[in-house]
Amino acid sequence: MHEMSLAENMLQIIEDAARKQGFTRVKTVWLEIGQLACVEQESLRFGFDVVTRGSIAEQARLEIIETAGQGRCEKCEQNFPLAALYEACPECGSYDVKVTSGDGMRVKELEVE
Amino acid sequence: MCTTCGCGTGQTLINGKPLHKAHRHSGPMHFRAREVDADVQGVSASRIVKLEQDLLAKNNGYAEANRSYLSAHGIFALNLVSSPGSGKTTLLVKTIAALNGSLPLAVIEGDQQTDNDAARIRAAGAPAIQINTGKGCHLDAQMVGQAMRQLGLQDDSLLLIENVGNLVCPASFDLGEAHKVVILSVTEGEDKPLKYPDMFRAAEVMLLNKCDLLPHLEFDADLAIEYARRINHKLQVIRISATSGAGMPEWLEWIKDGCRNAVAAKQHVA
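Protein sequence lines, in the order shown, are assigned to chains D and R. So for the first sequence, my numbering puts the first residue at 21; every next one is plus one. So for the second sequence, my numbering puts the first residue at 23; every next one is plus one.
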């Protein structure tokens with residue numbers, strides 16, 4: 021379950037920001053997760069709750085913003101929504117598809133005190 | 023396991039010794055936060071802080087440092103990933119035997135527990151270091167960087183990294199390798215690439231292993247390859263059997279090509 025590592029990374033990003041920007045409590049975390057990212061959201065929520073215990077982000081609300089997957093066909097150059105990595109180009113049927121967005125995981129912003 | 027958070031970080035061992043990794047749960051931050059909380063009780067001054075930071079940025083930073091070191095020293099590094107039981111270690115042992123000292127190489131072995139695999143590699147005649155991830159399900163770039171330093175890699179050599187047997191988690195963690203090589207064995211299902219697409223997307227090469235067993239199975243090798251290429255159109259495939267030796271020449275030639283290119287790229291940079 022690599023979600024625990026991802027949750028730890030999230031906390032580290034938050035703590036680094038706290039040090040630089042001088043806040044002492046985190047109330048909300050907005051996390052952007054692409055539809056095609058290799059992560060299980062419920063496991064990530066569990067991991068976040070566990071790793072933030074006793075930290076400045078204890079009991080912070082985790083708001084997950086899901087972004088849609090987008091693909092580009094390398095053959096016919098069509099851009100299209102991509103719901104899964106095994107989908108073909110809806111125009112020409114080619115599997116030569118490049119993921120152009122929706123595969124990332126980013127801490128977007130925090131509500132802090 | 024770390025008793026603060028339940029993560030596996032505290033259990034990572036390299037050749038049986040703890041990985042030197044800052045473990046943030048013991049940092050002063052927790053205490054400071056509570057003190058300040060008490061001071062500002064009753065005052066609510068929320069603000070929004072914009073971050074836009076990638077969750078994998080830290081790992082990717084370590085991976086880039088590994089990659090720079092490897093390319094500056096002409097070292098061709100491969101990250102071997104698969105489900106448990108696909109035959110990774112046997113394939114490595116046979117690869118080491120077949121290379122027969124023709125190029126210097128070293129192995130980093132990743133497993134949750136035991137140093138059995140590193141012992142198998144050493145018995146095959148190659149230097150090996152074992153990373154035990156404890157409860158961790160994948161190698162990360164920081165662990166691999168430390169193992170690289172402990173191994174003392176030779177210039178112009180081959181580094182084989184056998185990841186923890188897991189077809190999901192290692193896909194997300196760049197180690198600084200030149201290529202991920204995914205191993206699928208014919209005793210698994212043909213549709214594994216569709217079920218676990220991230221790994222097949224992250225890899226540049228797929229070794230279809232245990233091909234000597236095909237006559238005894240109903241596994242459709244062409245279909246498995248077609249599925250893998252739906253995920254990754256450019257995936258290079260080598261049908262191989264570590265046991266019978268079928269496909270080994272093609273695999274060895276691909277490795278030697280990679281090593282030659284790594285050395286040439288180093289000279290080009292210099």
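Hints in this document: simulated from the structure, not taken from any laboratory. Honestly, I wouldn't trust all of these hints.
To be verified - Below, in silico cross-link-like pairs of lysine-lysine (BS3-like), each with a Cα-Cα straight-line distance of 25 Å or less:
no., chain 1, residue 1, chain 2, residue 2
1, R, 157, R, 72
2, R, 256, D, 95
3, R, 256, R, 217
4, R, 80, D, 47
5, D, 40, R, 288
6, R, 39, R, 72
7, R, 217, D, 118
8, D, 40, R, 256
9, R, 278, R, 157
10, R, 256, D, 47
11, D, 95, D, 128
12, D, 128, R, 72
13, D, 40, D, 95
14, R, 256, D, 118
15, D, 47, D, 118
16, R, 217, R, 39
17, R, 288, R, 278
18, R, 278, R, 217
19, R, 80, D, 128
Said to hold, decoys possible - Which residues of chain R face chain D? A partial, calculated answer using Cβ under 7 Å:
no., residue
20, 70
21, 75
22, 82
23, 282
24, 285
Computed from a predicted structure; not experimentally measured. Glycine is no exception: its CB is placed at the ideal position from the N, C-alpha and C atoms.
Hint consistency between residue 40 (chain D) and residue 256 (chain R) [alpha-carbon to alpha-carbon, up to 25 Å]
violated (43 Å)
Taken at face value, is the distance from the CA of residue 128 (chain D) to the CA of residue 95 (chain D) at most 25 Å?
violated (34 Å)
Between residue 217 (chain R) and residue 118 (chain D), is the straight-line Cα distance small enough, at 25 Å or below?
holds (19 Å)
The hint names residue 282 (chain R) as touching chain D; please verify it with the least Cβ-Cβ distance against 7 Å.
Violated, about 29 Å.
Chain D contact restraint on residue 82 (chain R) - CB to CB distance below 7 Å
Violated, about 10 Å.
Between residue 40 (chain D) and residue 95 (chain D), is the straight-line Cα distance small enough, at 25 Å or below?
violated (46 Å)
Are the Cα atoms of residue 288 (chain R) and residue 278 (chain R) separated by 25 Å or less?
Given pair residue 288 (chain R), residue 278 (chain R) holds - Cα atoms ~15 Å apart, limit 25 Å.
Quickly compare the C-alpha distance for residue 256 (chain R) and residue 95 (chain D) to 25 Å and report which way the hint goes.
holds (13 Å)
Within 25 Å, alpha carbon to alpha carbon, are residue 80 (chain R) and residue 128 (chain D)?
holds (16 Å)
Hinted pair residue 128 (chain D) and residue 72 (chain R), Cα distance within 25 Å:
This hinted pair holds, its Cα atoms lying about 6 Å apart.
With a cut-off of 25 Å on the C-alpha distance, tell me whether residue 278 (chain R) and residue 217 (chain R) pass.
violated (32 Å)
Proposed interface contact between residue 70 (chain R) and chain D, which counts if any beta carbon pair is under 7 Å
Holds - the Cβ of residue 70 (chain R) comes within 7 Å of chain D, reaching about 5 Å at its closest.
The structure does not agree with the numbered hints 1, 5, 6, 8, 9, 10, 11, 13, 15, 16, 18, 22, 23 and 24 stated previously, though it agrees with the rest.
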